[in-house]
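Build the full structure now, drawing on both the sequences and the hints.
If you want the building blocks of each chain, they are given just below.
Number of protein chains: 2
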Amino acid sequence: MSTGAQALLRTLLDAGVDTCFTNPGTSEMHFVAALDGAPDMRAVLTLFEGVATGAADGYARMAGKPAATLLHLGCGLGNGLANLHNARKGKTPVVNIVGDHATTHARYDAPLQSDIETVARNVSTWVRTAQSAETLSRDAAEAVAAAVGPPGSVATLIVPADVSWNTGAQPCQSLPLAAAPPADGKAIEAAAGALRQRGKAAILLGGRALREPALMAAARIAAATGAKLLAEVFPARMERGAGLPAPERIAYLAELASVQLAGLDCLLLVDAKAPVSFFAYPGKKSYLAPKGCRVIELVSPAQDAAGTLDQLASLLDAPGAPGKLLQPPAQPDLPEGRLTADKVCQAIGALLPENAIISDEAQTSGVTLPAFTAGAPRHDLLTLTGGAIGQGLPVAIGAALACPQRKVFALAGDGSAMYTIQALWTMARERLDIIVIVFNNRAYAILNMELERTGSGQPGPAARAQMDLANPAIDFVALGQGMGVRSARAETCDQFIQALQDAIDSPGPHLIETVVPNAFTGFKLKALPHALDALKILPGPLARAIKRKIAP
Amino acid sequence: MSTGAQALLRTLLDAGVDTCFTNPGTSEMHFVAALDGAPDMRAVLTLFEGVATGAADGYARMAGKPAATLLHLGCGLGNGLANLHNARKGKTPVVNIVGDHATTHARYDAPLQSDIETVARNVSTWVRTAQSAETLSRDAAEAVAAAVGPPGSVATLIVPADVSWNTGAQPCQSLPLAAAPPADGKAIEAAAGALRQRGKAAILLGGRALREPALMAAARIAAATGAKLLAEVFPARMERGAGLPAPERIAYLAELASVQLAGLDCLLLVDAKAPVSFFAYPGKKSYLAPKGCRVIELVSPAQDAAGTLDQLASLLDAPGAPGKLLQPPAQPDLPEGRLTADKVCQAIGALLPENAIISDEAQTSGVTLPAFTAGAPRHDLLTLTGGAIGQGLPVAIGAALACPQRKVFALAGDGSAMYTIQALWTMARERLDIIVIVFNNRAYAILNMELERTGSGQPGPAARAQMDLANPAIDFVALGQGMGVRSARAETCDQFIQALQDAIDSPGPHLIETVVPNAFTGFKLKALPHALDALKILPGPLARAIKRKIAP
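Going down the list, the sequences are from chains F and R. Numbering-wise, our numbering puts 81 at position 82 of the first sequence, and it's gapless, one number per residue. Numbering-wise, our numbering puts 464 at position 465 of the second sequence, and it's gapless, one number per residue.
One or more of the hints may lead you astray.
It does not matter which identical chain is used: a pair holds within one copy or between any two.
[Stated by the list, open to error] Taking lysine to aspartate or glutamate and the EDC-like style, the derived pairs with C-alpha atoms no more than 20 angstroms apart in a straight line are:
1. Lys284 with Asp504
2. Lys323 with Glu141
3. Lys284 with Asp108
4. Lys323 with Glu429
5. Lys272 with Asp108
6. Lys283 with Asp108
Hints in this document: simulated from the structure, not taken from any laboratory. Since we're looking at a predicted model, the values are computed, not measured.
Right, dumping it as structure tokens:
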């Protein structure tokens with residue numbers, strides 16, 4: 000006779016959910032106890048719930064199936080909320096198992112009592128509180144199916160302690176999963192008509208349209224029609240590098256994105272939203288497609304991007320291969336001299352091994368990374384889908400567990416790394432092949448820039464102090480070593496190159512703290528084109544395209 | 000002509016809110032820019048929102064007035080949720096200022112868009128999204144009044160970016176604050192009647208009833224009637240030590256609490272709830288007052304505990320002073336030899352300076368702290384009001400800012416310290432007089448105990464791994480130094496005593512990592528009375544009372 004928790008674990012495993020990122024408490028002790036009877040479940044302990052939820056997100060992006068989390072009541076779920084927000088925005092499937100007080104205990108309003116469903120609803124498309132051990136397994140099977148979608152989403156199953164510990168439970172078979180259908184024929188015909196018209200057209204690819212099959216079909220369409228290929232600002236997972244089509248990613252800065260989109264007559268959305276500014280700014284527009292540009296949603300996130308694009312390519316008599324639209328191999332030279340954020344990106348581009356995964360949360364310091372890695376060996380890029388920082392290191396954990404044969408690079412700013420710095424401990428504990436690269440510019444550098452963009456005026460010492468992380472400077476080597484990760488500091492290009500090569504050559508987690516200047520001190524918008532002119536040193540058609548746009 | 004943000008800051012200052020714990024983003028840049036025009040506002044930067052909200056909680060517990068937080072949209076608020084839960088449960092006033100997208104931008108569902116009000120409602124009694132710069136100041140004045148109560152609570156004001164940056168705003172005068180009334184005369188008479196009856200009575204003190212005025216009145220009542228004085232399990236702030244009445248705190252373990260409450264005929268609640276088990280356990284009761292015990296709520300959290308108890312004392316012709324019910328001075332000897340968690344507590348009891356503040360989140364290792372500090376010089380004890388760990392270090396930050404002349408001790412387990420370890424950086428940045436003592440037993444020790452209590456069976460290696468923090472062991476000295484805090488490790492009593500004395504004697508933050516055995520490995524409930532028999536070495540009437548209860 001199984002307990003609810005035992006049947007729950009068996010049900011998750013039957014549905015293919017075999018990895019669980021945990022931070023349990025008393026209400027989850029029966030789930031924990033049941034782990035010994037479910038050796039196929041890999042339970043990965045984290046020291047903070049934001050690490051668990053971010054890792055589940057990274058895992059699903061790379062594994063193509065959800066992981067579970069195990070969280071302790073409403074407060075544990077709350078701690079995991081920011082990274083669940085990122086998963087929600089990236090349409091990544093996650094199955095949260097959240098323990099709750101026993102059903103008989105809730106009425107006493109004990110200290111940890113809170114309204115879990117309300118917190119869960121903020122990020123979940125599916126929320127349920129299990130009512131009995133007998134029905135718990137069915138709930139779990141439905142949670143997995145809801146998470147898988149399509150589109151992927153966050154499903155949260157709240158499990159009262161007595162539902163876990165009561166007996167009489169049976170595992171539930173996994174439910175049939177729905178396949179994503181292609182867009183309907185009329186929509187595809189309409190898209191073909193739009194692309195055939197005179198005028199400048201672009202196809203904006205997002206979500207699953209940034210994986211190889213859809214990318215190849217889109218590039219064939221581009222070859223046939225001259226349409227430009229764009230990628231959304233923050234893809235959950237983008238397959239890129241030598242041999243793949245290289246859509247131009249819309250810039251984070253609306254000022255640049257407007258340049259990228261200028262002159263378009265038609266914008267076809269494929270698992271992507273119409274481009275909008277990340278934030279609003281006084282007197283600036285939020286919606287970025289130019290006036291008069293026709294915006295057509297061809298493929299929704301619940302539809303099959305690759306299948307639809309294949310049909311569209313056939314309808315357009317597109318060539319069988321995209322030919323010269325494939326990115327040729329090209330890696331930058333190794334940088335020299337004093338280290339800067341750009342040179343860190345350049346060195347990564349020069350040394351990136353085959354089949355790497357990059358989790359990129361270096362929002363300002365990593366700005367030249369896409370260009371420097373454009374012609375690098377093929378790799379996956381995972382970005383900050385929902386804008387809630389503290390995602391980069393946890394996502395790397397999940398990606399490394401999903402793809403144990405691949406090197407994972409986790410790029411973070413000093414500010415962003417600190418939100419979920421506890422991730423380092425789990426990397427060490429699980430001996431994950433992750434290279435954490437922290438750009439320590441001792442500032443919330445992005446805020447230097449945003450302060451100027453919001454027109455808040457010249458900052459005085461009180462305002463500047465809110466962006467200053469130099470007092471005290473954070474010693475990331477100490478933090479890494481304190482959590483069991485081999486760590487090194489680089490202040491010159493030589494030091495960085497050596498540390499990076501060493502990390503690439505030896506297994507297990509590494510941290511490299513790069514001490515770099517804050518490129519955005521005294522940032523001025525009018526200096527932007529000049530600053531981005533640095534891009535002319537970069538290889539590949541993407542760089543040329545960007546250069547044409549920003550320095551016309 | 001003021002911007003909304005400028006008027007907001009002025010309104011907060013006029014209402015006495017002059018400390019703000021921040022982690023801003025782009026939507027809060029106009030608030031940040033306005034700081035230079037409001038030099039009386041102390042803006043304390045944190046690296047993680049849970050530090051900001053916990054610090055605001057600790058500040059208000061000691062300052063007796065709220066601090067503000069400055070948080071970035073729904074995800075920033077989400078990161079702060081666990082410590083706001085603790086503030087909510089402790090009835091501590093907090094004013095959250097949460098930035099949001101500009102009102103014109105919300106419709107575009109940009110990446111950071113989320114339903115902030117829903118997240119806020121989970122912890123707040125008052126939630127409002129400001130609609131215009133003109134009305135923002137009035138909103139802020141109402142938020143402060145709502146937070147102050149009585150009872151204290153969390154108020155969340157959501158400020159869209161354009162409401163901050165628009166001009167035409169005027170500061171708003173602070174609103175009159177309601178005074179807490181005493182309980183009505185009939186309720187006081189009924190309580191007097193109950194205490195005069197034959198039978199065993201106790202007065203359970205919580206909330207503001209654990210401050211000196213109410214404690215003294217309660218002790219006079221106890222002296223007159225023989226009623227026993229109890230304190231709630233997790234007080235927000237308890238004034239204690241030599242010269243004050245020493246109510247016996249209800250134990251976290253329901254098994255012990257039941258012993259403490261056994262035989263009671265009447266339980267008078269003063270700003271406290273009827274005792275319940277922290278969690279539910281199979282086959283064990285949640286409600287802990289014994290059968291037949293009359294439970295009377297005399298003072299609600301919205302009422303005046305001290306005034307009511309004074310009236311009750313008069314009605315009972317209580318003596319003017321509690322006499323021998325005051326705790327006599329008594330400090331333990333310094334411990335010797337190998338360090339254990341109990342010896343750490345003993346040394347703290349021996350060396351505690353006058354007028355200290357203790358933020359206690361050492362849930363298992365700190366179990367003997369209350370007894371060892373019972374007769375120490377007068378101090379304030381701040382505990383884990385809502386059970387959401389990760390509170391102890393942030394609360395210490397707020398307490399140190401509220402009381403810059405007092406030494407603050409922050410006690411944490413290795414597990415609990417890691418939830419908001421970023422707090423160390425703010426301690427260093429603000430040069431706060433905080434002594435962080437981490438009990439590093441390399442385990443979630445409380446879960447070893449809870450696994451046994453929940454009857455989940457004998458744990459195997461997979462279950463045990465979920466409580467094991469030894470692989471890798473966390474080096475808290477490295478973490479402290481990495482964030483700029485002077486740090487030392489102690490493995491013997493001598494080392495700990497020397498490090499503690501050094502920390503007491505020199506200003507600024509210190510961290511002492513104590514390497515102690517996990518007292519709860521292989522924990523067995525039946526061994527509890529034996530384990531707690533150690534209490535017989537402790538001084539004071541509290542220890543004698545506890546000993547009588549647990550080893551009858």
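For each hint, the structure was consulted:
1. Taking identical chains as interchangeable, the C-alpha atoms of Lys284 and Asp504 are never at most 20 angstroms apart, the minima being 48 angstroms within one chain and 58 angstroms between chains.
2. Taking identical chains as interchangeable, the C-alpha atoms of Lys323 and Glu141 are never at most 20 angstroms apart, the minima being 45 angstroms within one chain and 64 angstroms between chains.
3. Taking the shortest alpha-carbon separations for Lys284 and Asp108, only the inter-copy value of 14 angstroms comes in at or below 20 angstroms, while the best intra-copy value is 48 angstroms.
4. In this assembly of identical chains, the alpha carbons of Lys323 and Glu429 never lie at most 20 angstroms apart, being 42 angstroms within a copy and 58 angstroms across copies at closest.
5. Taking the closest pair of Cα atoms, Lys272 and Asp108 come within 20 angstroms of each other only across two copies (9 angstroms); inside a single copy the shortest separation is 43 angstroms, beyond that limit.
6. Proximity of Lys283 to Asp108 under the C-alpha cut-off of 20 angstroms is restricted to the inter-copy arrangement: shortest distance 17 angstroms between copies versus 48 angstroms within a copy.
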